[in-house]
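Colleague: Below, each chain spelled out in residue letters.
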Amino acid sequence: MDIINAIVLLLNYIFVPALSYGSQLALGAIFVSLIYGILRFAYFTAGDLMSFGTMFTILFTWYFQSLGISLGVLPTALIAIPFGIIITIFYVLVKDKLVFSYYRFKKSPPVMLAMVSIGTMFVTQAIVRIVIGPFDRRFFDGEKFILKANEFKEITGLNEGLTIKSTQVITLLVTIIVVSILFWFLNKTKTGKSMRAYSDNEDLALLSGIDPKKVVMITWVIAAILATIGGTLYGLDKSFKPFTYFNNMLPIFAAAIVGGIGNPFGAFLGGYVIAFSEILLTYAYRKFFVYILPESLEPNSLIQLLSTDYKFAVSFSILVIVLLFRPSGIFKGKVL
Amino acid sequence: MRQNLDVIIAYIIMLGLIILVGLFQSWSIALSILCFCLISAVMTMGANIQWGYAGLINFGIMGYTALGGLAAVLVSVPPVKEAWQVGGLNMIFSVILIALIVFSVRFIIKNYKKSKKRNYGVALVIIVGLILLRLISGPAIESIEAVSPATTGFLGGMGLPILFSWIVGAFFAGGLAYIIGKIALGLRADYLAIATLLISEIVIAVIKHEDWLSRGVKNVIGLKRPVPYEIDLQAKEWFINLVAKFNQGTLNLITDSLEKEQMLKQLVIEGSTVFVKLCFAGLFTIVVIILLIITQKALYSPWGRMMRAIRDNEEAANAMGKNVVKQHLLIFVLGSAIVGIAGAMMVTYDGLFTPGSYRPMRYTFLIWVMVIVGGSGNNFGAVLGGFAVWFLWIEAAPIALFLINFFTSGLEETNAFRLHLIDSIPYFRFLMMGVGLLLIMRYRPKGILPEKIKHS
Amino acid sequence: MAFFSGENMTGGYGGADIISSCTISVNRGEIVAILGPNGAGKSTAMKAMLGLLNLKSGKISIDGKDISKLTPQNRVREGISFVPQTKNVFTGLSVQENLEMGAFLREERIEEIINEIYELFPVLKEKSSQIVGELSGGQRQQVALGRALMTKPTVLMLDEPTAGVSPIVMDELFDHILKVKKTNVAIIMVEQNAKQALSIADRGYVLVTGENKFSGTGKELLNDPEVRRSFLGG
Chain A
1 MDIINAIVLL
11 LNYIFVPALS
21 YGSQLALGAI
31 FVSLIYGILR
41 FAYFTAGDLM
51 SFGTMFTILF
61 TWYFQSLGIS
71 LGVLPTALIA
81 IPFGIIITIF
91 YVLVKDKLVF
101 SYYRFKKSPP
111 VMLAMVSIGT
121 MFVTQAIVRI
131 VIGPFDRRFF
141 DGEKFILKAN
151 EFKEITGLNE
161 GLTIKSTQVI
171 TLLVTIIVVS
181 ILFWFLNKTK
191 TGKSMRAYSD
201 NEDLALLSGI
211 DPKKVVMITW
221 VIAAILATIG
231 GTLYGLDKSF
241 KPFTYFNNML
251 PIFAAAIVGG
261 IGNPFGAFLG
271 GYVIAFSEIL
281 LTYAYRKFFV
291 YILPESLEPN
301 SLIQLLSTDY
311 KFAVSFSILV
321 IVLLFRPSGI
331 FKGKVL
Chain B
1 MRQNLDVIIA
11 YIIMLGLIIL
21 VGLFQSWSIA
31 LSILCFCLIS
41 AVMTMGANIQ
51 WGYAGLINFG
61 IMGYTALGGL
71 AAVLVSVPPV
81 KEAWQVGGLN
91 MIFSVILIAL
101 IVFSVRFIIK
111 NYKKSKKRNY
121 GVALVIIVGL
131 ILLRLISGPA
141 IESIEAVSPA
151 TTGFLGGMGL
161 PILFSWIVGA
171 FFAGGLAYII
181 GKIALGLRAD
191 YLAIATLLIS
201 EIVIAVIKHE
211 DWLSRGVKNV
221 IGLKRPVPYE
231 IDLQAKEWFI
241 NLVAKFNQGT
251 LNLITDSLEK
261 EQMLKQLVIE
271 GSTVFVKLCF
281 AGLFTIVVII
291 LLIITQKALY
301 SPWGRMMRAI
311 RDNEEAANAM
321 GKNVVKQHLL
331 IFVLGSAIVG
341 IAGAMMVTYD
351 GLFTPGSYRP
361 MRYTFLIWVM
371 VIVGGSGNNF
381 GAVLGGFAVW
391 FLWIEAAPIA
401 LFLINFFTSG
411 LEETNAFRLH
421 LIDSIPYFRF
431 LMMGVGLLLI
441 MRYRPKGILP
451 EKIKHS
Chain C
1 MAFFSGENMT
11 GGYGGADIIS
21 SCTISVNRGE
31 IVAILGPNGA
41 GKSTAMKAML
51 GLLNLKSGKI
61 SIDGKDISKL
71 TPQNRVREGI
81 SFVPQTKNVF
91 TGLSVQENLE
101 MGAFLREERI
111 EEIINEIYEL
121 FPVLKEKSSQ
131 IVGELSGGQR
141 QQVALGRALM
151 TKPTVLMLDE
161 PTAGVSPIVM
171 DELFDHILKV
181 KKTNVAIIMV
191 EQNAKQALSI
201 ADRGYVLVTG
211 ENKFSGTGKE
221 LLNDPEVRRS
231 FLGG
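Chain order of the listed sequences is A, B and C. Just so we're aligned: 87 in our numbering is position 87 of the first sequence, and the numbers increase by one with no gaps anywhere. Just so we're aligned: 295 in our numbering is position 295 of the second sequence, and the numbers increase by one with no gaps anywhere. Just so we're aligned: 204 in our numbering is position 204 of the third sequence, and the numbers increase by one with no gaps anywhere.
Treat each hint with caution, since some may be false.
[Unchecked claim] Straight-line alpha carbon distances no greater than 20 Å define the calculated EDC-like cross-link-like pairs of lysine to aspartate or glutamate that follow:
no. : chain 1 : residue 1 : chain 2 : residue 2
1   : A       : Lys311    : B       : Asp423
2   : C       : Lys182    : C       : Glu172
3   : A       : Lys188    : C       : Glu107
4   : B       : Lys208    : A       : Asp2
5   : B       : Lys218    : A       : Asp309
[Unchecked claim] Counterexamples of contact, computed for chain B against chain A with all Cβ distances above 12 Å:
no. : residue
6   : Ser26
7   : Trp51
8   : Val86
9   : Asn90
10  : His209
11  : Val227
12  : Lys236
13  : Arg308
14  : Leu352
15  : Met433
16  : Gly434
17  : Leu437
[Unchecked claim] Looking from chain C toward chain A, a few residues come up when the C-beta cut is under 10 Å (computed):
no. : residue
18  : Gly92
19  : Glu100
20  : Ala103
21  : Gly216
In case anyone wonders, no lab produced these hints; they're calculated from the structure. Ideal placement from N, C-alpha and C gives every residue a C-beta, glycine not left out.
Please take these sequences and the hints and turn them into a complete structure.
Modeller: This is how it looks when you write it as structure tokens:
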């Protein structure tokens with residue numbers, strides 16, 4: 001019984017939260033990786049693009065709520081996402097046309113484009129703050145829990161409860177669907193294959209008649225879709241605050257690099273690597289050991305490897321270690 | 001002279017703008033803008049050395065700034081004797097232990113061949129070391145932080161004049177840069193940018209949460225100044241006389257003696273803040289000028305020529321037998337050290353150290369905007385960039401208010417849209433920075449004052 | 001009139017002319033080798049024919065049609081295909097996907113063409129789902145050839161196909177090139193290994209400082225004492 005209690009404890013505090021946080025990071029990391037693979041620069045606007053998409057999703061959610069439209073037990077935001085996506089796609093395409101295409105045409109070095117993306121980061125941040133303000137906002141509605149700790153205890157008779165929030169399940173399901181479609185697209189369709197080919201060998205892709213404009217455009221569209229969905233899921237699960245989204249850029253980059261930047265599948269896994277290590281290394285294992293060890297060996301300290309203050313620092317340290325020992329990433333980088 | 005005309009004109013315009021602020025807003029505001037412009041200029045010079053001379057992207061400026069600030073605390077705050085008594089010894093042991101871990105890892109890596117065994121050995125040393133570290137430092141940290149936590153709760157500093165920290169800050173930042181450079185300089189440019197950005201976040205996390213060292217988010221306030229305090233000045237005879245002399249015209253207009261005294265008092269209070277800020281501005285100007293002279297000399301020395309050669313064609317420079325890695329490391333350390341100076345200067349000016357306020361937008365990306373806008377590779381450009389961008393950053397709000405009023409003048413005073421825009425004024429500075437950066441990069445990619453290579 | 005030819009081509013990359021009144025032509029089912037010392041403009045001549053270089057003067061024509069003004073992409077449509085010297089495969093894609101990308105511009109079903117390539121290079125069929133980056137050097141060269149042949153070209157241009165491959169692989173590769181020749185394709189290749197190239201080429205051009213210096217059948221060139229002395233090492 002104690003063992004089961006211990007397992008439930010880990011499930012509740014580590015596995016479930018890490019899985020949903022990892023999915024949110026993964027969606028971001030995939031598009032950062034995709035942009036790096038195809039457009040060949042580090043896209044520093046990543047976090048703010050997510051907050052841009054989420055902001056419009058929230059605005060549409062409010063609009064639908066004011067009309068009395070709702071999904072019942074599901075959050076209204078789910079029907080608002082497509083509208084948020086459309087506006088975000090429009091925004092990235094305009095941005096590409098006005099800003100990035102010039103440098104691409106001039107064949108500027110990647111560093112230049114990364115700097116330009118800092119310019120667009122400032123602008124995007126300003127737009128978000130001017131439109132919706134810098135405050136913390138919650139826009140979740142519907143049924144909050146799928147499984148409550150008390151119910152779980154009652155059903156199983158265990159000491160430890162297991163809480164599953166509906167946002168966690170939604171996050172996981174949506175991520176699975178979106179990522180499956182994306183990898184199907186990249187691996188099975190002609191356009192998807194041409195994107196991989198372009199990322200692999202630009203010159204040869206051009207010689208083969210692949211249209212760079214189309215490839216770039218589709219990349220931005222995918223980025224906008226993933227950014228909006230990932231951002232909205234994060235906001236539903238936690239809350240929406242522009243500054244947090246900007247900061248999320250850092251673990252997202254860490255995930256993308258750990259997974260081998262330019263490789264979306266690696267980035268997808270990288271998201272979970274970062275999420276799990278953040279939570280595993282900062283969790284206090286005391287209770288866990290109380291369950292599995294005999295009383296005489298019970299620990300009296302928290303058994304916490306690092307204080308939760310260092311949550312971010314963990315992912316960055318992993319990144320630094322990966323950069324040092326395997327710069328191509330754990331899952332072999334480059335090539336979509 | 002003629003070829004430097006653009007530099008002179010640009011600087012005159014900049015000074016003119018600051019003077020305008022003095023005339024229309026207040027001299028106190030103008031001077032604090034000036035002080036921060038000077039600090040920004042130092043930071044920008046540091047970043048510019050790395051980017052402009054060597055093409056290295058350092059997105060870790062925030063980290064070095066904070067380390068400089070930490071130096072100011074550790075130098076100027078008097079030591080907390082009680083804290084040293086309860087935990088000082090253990091902390092010293094901990095530092096020795098860390099050094100031991102590092103050296104033994106290095107020893108193992110140097111003296112044994114690459115093998116699985118070696119990796120396990122290294123891992124074992126690190127794990128055992130960390131556990132020991134935890135055991136030694138853990139209780140000490142707890143007891144240090146328990147020493148009157150409301151006022152101290154940390155080890156304190158050396159109790160030396162804060163001006164020393166400008167040098168110590170440089171060493172702190174340079175030391176960190178040496179470690180980071182050893183680790184990360186081999187990376188491709190954009191990887192280096194990301195790595196440095198993340199490492200600077202780690203630095204901030206440590207400063208924020210290691211309370212025994214820096215008091216963390218509880219902040220350190222009341223740092224000693226290198227210049228007089230306003231209160232002291234207001235009591236000084238010579239200062240009052242000085243203020244009276246300066247304002248003779250206004251004072252003479254007032255006939256009532258009581259009113260005159262009142263007026264003088266007011267003027268002395270205003271004058272004291274201006275005087276203090278002037279002192280700071282003077283100190284900062286000296287730093288900027290010294291740095292400018294050194295960096296200009298360096299730029300046109302054979303070493304500077306070599307750096308540019310490396311930047312423009314790394315392979316060729318490598319082939320010519322120049323040790324590119326070593327030079328990059330050197331410049332990375334030097335540039336970061338300069339940023340460290342700026343960090344210490346800023347905390348000195350503020351008189352307080354607030355780890356929670358270090359955010360990448362303000363301390364990394366804004367500085368980069370300054371570098372790009374000013375003109376990378378040109379020290380005068382970098383300084384100007386620091387001035388211009390900081391000025392805009394501060395004056396963005398009034399400018400935005402003016403523009404909003406202008407463009408919405410057709411709308412009613414209570415129009416919701418207009419009110420919303422006016423509420424959002426603080427965020428227009430981001431917009432201005434972004435648009436400014438994009439415009440400069442598009443239409444003047446070498447900055448306001450582009451790099452000039454003298455062919456002599 | 002040759003099937004594919006560049007006549008009196010003059011031009012360079014902006015600065016001085018690298019090739020001047022250089023003429024190269026090839027017929028279907030024929031292999032032509034372009035030889036010459038380093039910097040003679042061999043690759044430049046080929047790029048000019050591909051359209052990667054703006055010519056000051058000269059005329060490129062295929063099957064009697066003047067294509068001098070067409071972009072490289074449109075020349076591909078006219079039936080010209082090119083295998084670059086390096087980076088000539090998509091290393092991260094499978095063999096099959098490499099071939100599919102070769103036929104990117106083709107709208108109709110491409111299974112048939114892929115099967116034809118597999119018949120030509122049976123080893124590719126075995127490895128069809130393998131990632132190209134994991135293949136051997138010789139197999140990669142086959143993928144590169146196969147990718148170029150997916151457009152069903154009438155002209156195939158090879159830029160130093162044997163650079164950096166071992167002698168065994170070189171022999172194998174030449175066999176493959178001969179196989180391609182049998183499918184009635186016109187082949188132009190730039191080569192450093194003059195002797196070997198001439199052994200399979202029907203004709204050869206020797207360029208020196210961007211001009212035609214010698215030309216003739218492979219045998220003629222191999223037996224020409226002057227060519228032997230200056231380019232074939234005695």
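Colleague: Need the list of violated hint numbers for this structure, in ascending order.
Modeller: 1, 4, 7, 10, 15, 16, 17, 21
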